[in-house]
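Can you build the whole structure from these sequences, using the hints too?
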Amino acid sequence: MGRITKLLVHRVTEASIDKKNFLAVPENNFANQFVIFDDVPLFWDAWDVMDYHLETRQVINSNSEAILVKNTPVEACICVKFAISERSSLIQYITIFAHLPYLVFDVTVQWHESHKFLKVEFPVNVHDMNAYYDIQFGHINRPTHRNTSWDAA
970 MGRITKLLVH
980 RVTEASIDKK
990 NFLAVPENNF
1000 ANQFVIFDDV
1010 PLFWDAWDVM
1020 DYHLETRQVI
1030 NSNSEAILVK
1040 NTPVEACICV
1050 KFAISERSSL
1060 IQYITIFAHL
1070 PYLVFDVTVQ
1080 WHESHKFLKV
1090 EFPVNVHDMN
1100 AYYDIQFGHI
1110 NRPTHRNTSW
1120 DAA
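Residue numbers for the sequence shown, in this note's numbering: 970 to 1122.
Among the clues, some could well be false.
[Said to hold, decoys possible] Pairs of lysine to any residue residues, derived as SDA-like cross-links and limited to a Cα-Cα distance of at most 20 Å, are as follows: (1) Lys1088 with Arg1111; (2) Lys1088 with Asn1030; (3) Lys1039 with Phe1074; (4) Lys1050 with Ile1036; (5) Lys1088 with Phe1006; (6) Lys1088 with Cys1048; (7) Lys1050 with Gln1002; (8) Lys1039 with Lys1050; (9) Lys1050 with Val1076; (10) Lys1088 with Ile1109; (11) Lys1088 with Val1073; (12) Lys1088 with Pro1010; (13) Lys1085 with Ser1057; (14) Lys1088 with Val1076; (15) Lys1050 with Asp1075; (16) Lys1088 with Pro995; (17) Lys1085 with Val1028; (18) Lys1088 with Asp1020; (19) Lys1050 with His1068; (20) Lys1050 with Val1073; (21) Lys1088 with Asn1001; (22) Lys1050 with Lys1088; (23) Lys1085 with Pro1010; (24) Lys1085 with Asn1001; (25) Lys1050 with Ile1060; (26) Lys1085 with Asp1007; (27) Lys1050 with Asp1020.
Hints were generated in silico from the structure; no laboratory data involved.
Dropping the structure here:
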């Protein structure tokens, strides 16, 4: 499935030179977990996502094929292929570079679904009241909680 089960993050605290590691992906969770939701809009397809879609979450647990594509001293890459449904599938390349502090994900989806949408989840041990999300012409700051009706909107 290409799911990440453990990710140790190495960091140096500002208060001291002591090096600390922390588990970035919470225990019993998977990062890079693909899930599919029902998307039955009231008015417009692809623009009118209703809150009840969260109740239709289905984890994609199909058999996958993982192949090591590249393994050099500066770069390693695996290719993961799996079916989303009987009609849809995806190919994902997960790459780690020696000089970069992050993983690179490149995904190509063959999408043949109606009134469904696909998400990829990365639960992490980072807690904040707000998060920045990329949008078409920039980014938007949204709350990470639903404490009030304004937050849920």
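Results of checking the hints against the structure:
1. At most 20 Å may separate the alpha-carbon atoms for a hinted pair to count; Lys1088 and Arg1111 meet this at roughly 18 Å.
2. For the given pair, Lys1088 sits about 14 Å from Asn1030 by alpha-carbon distance, which is consistent with the 20 Å threshold.
3. About 14 Å separates the Cα atoms of Lys1039 and Phe1074, which keeps this hinted pair within 20 Å; it holds.
4. Of the pairs offered as hints, the one joining Lys1050 and Ile1036 holds, with about 9 Å between alpha carbons and a cut-off of 20 Å not exceeded.
5. The straight-line distance between the Cα atoms of Lys1088 and Phe1006 is roughly 8 Å, inside the 20 Å bound, and the hint therefore holds.
6. At most 20 Å may separate the alpha-carbon atoms for a hinted pair to count; Lys1088 and Cys1048 meet this at roughly 19 Å.
7. In summary, the hint linking Lys1050 to Gln1002 is supported, as the alpha carbons are separated by about 13 Å, within the 20 Å threshold.
8. The straight-line distance between the Cα atoms of Lys1039 and Lys1050 is roughly 16 Å, inside the 20 Å bound, and the hint therefore holds.
9. Between Lys1050 and Val1076, the direct Cα distance comes to roughly 10 Å. Compliance with the 20 Å bound is thereby established for this hinted pair.
10. The hinted pair formed by Lys1088 and Ile1109 meets the criterion: a straight-line CA distance of about 18 Å does not exceed 20 Å.
11. For the given pair, Lys1088 sits about 17 Å from Val1073 by alpha-carbon distance, which is consistent with the 20 Å threshold.
12. A hinted pair counts as satisfied when its Cα atoms are at most 20 Å apart, and Lys1088 with Pro1010 qualifies at roughly 17 Å.
13. Simply put, Lys1085 and Ser1057 have alpha-carbon atoms about 11 Å apart, close enough for the 20 Å limit, and the pair holds.
14. Between Lys1088 and Val1076 the alpha-carbon distance is near 12 Å, which keeps this suggested pair within the 20 Å criterion.
15. Between Lys1050 and Asp1075 the alpha-carbon distance is near 12 Å, which keeps this suggested pair within the 20 Å criterion.
16. Our distance criterion of 20 Å between C-alpha atoms is met by Lys1088 and Pro995, whose separation comes to about 19 Å.
17. The straight-line distance between the Cα atoms of Lys1085 and Val1028 is roughly 13 Å, inside the 20 Å bound, and the hint therefore holds.
18. The hinted pair formed by Lys1088 and Asp1020 meets the criterion: a straight-line CA distance of about 15 Å does not exceed 20 Å.
19. Taken as a hint, the Lys1050 and His1068 pair is broken in the structure, with Cα atoms around 26 Å apart against an allowance of 20 Å.
20. Restraint check for Lys1050 and Val1073: the C-alpha separation of about 16 Å stays at or below 20 Å, so the hint holds.
21. With a CA separation close to 10 Å, the supplied pair Lys1088 and Asn1001 stays within the 20 Å bound.
22. Distance check on the hinted pair: Lys1050 and Lys1088 sit about 16 Å apart at the alpha-carbon level, within 20 Å; holds.
23. Straight-line distance between C-alpha atoms of Lys1085 and Pro1010 comes to about 10 Å, which keeps the hinted pair within the 20 Å bound.
24. Note on Lys1085 and Asn1001: the hinted pairing holds, with a Cα-Cα distance of about 19 Å set against a maximum of 20 Å.
25. Annotation: proposed proximity of Lys1050 to Ile1060 holds, straight-line Cα distance about 5 Å (limit 20 Å).
26. With a CA separation close to 5 Å, the supplied pair Lys1085 and Asp1007 stays within the 20 Å bound.
27. Among the hinted pairs, Lys1050 with Asp1020 is inconsistent with the structure: their alpha-carbon atoms are about 30 Å apart, more than 20 Å.
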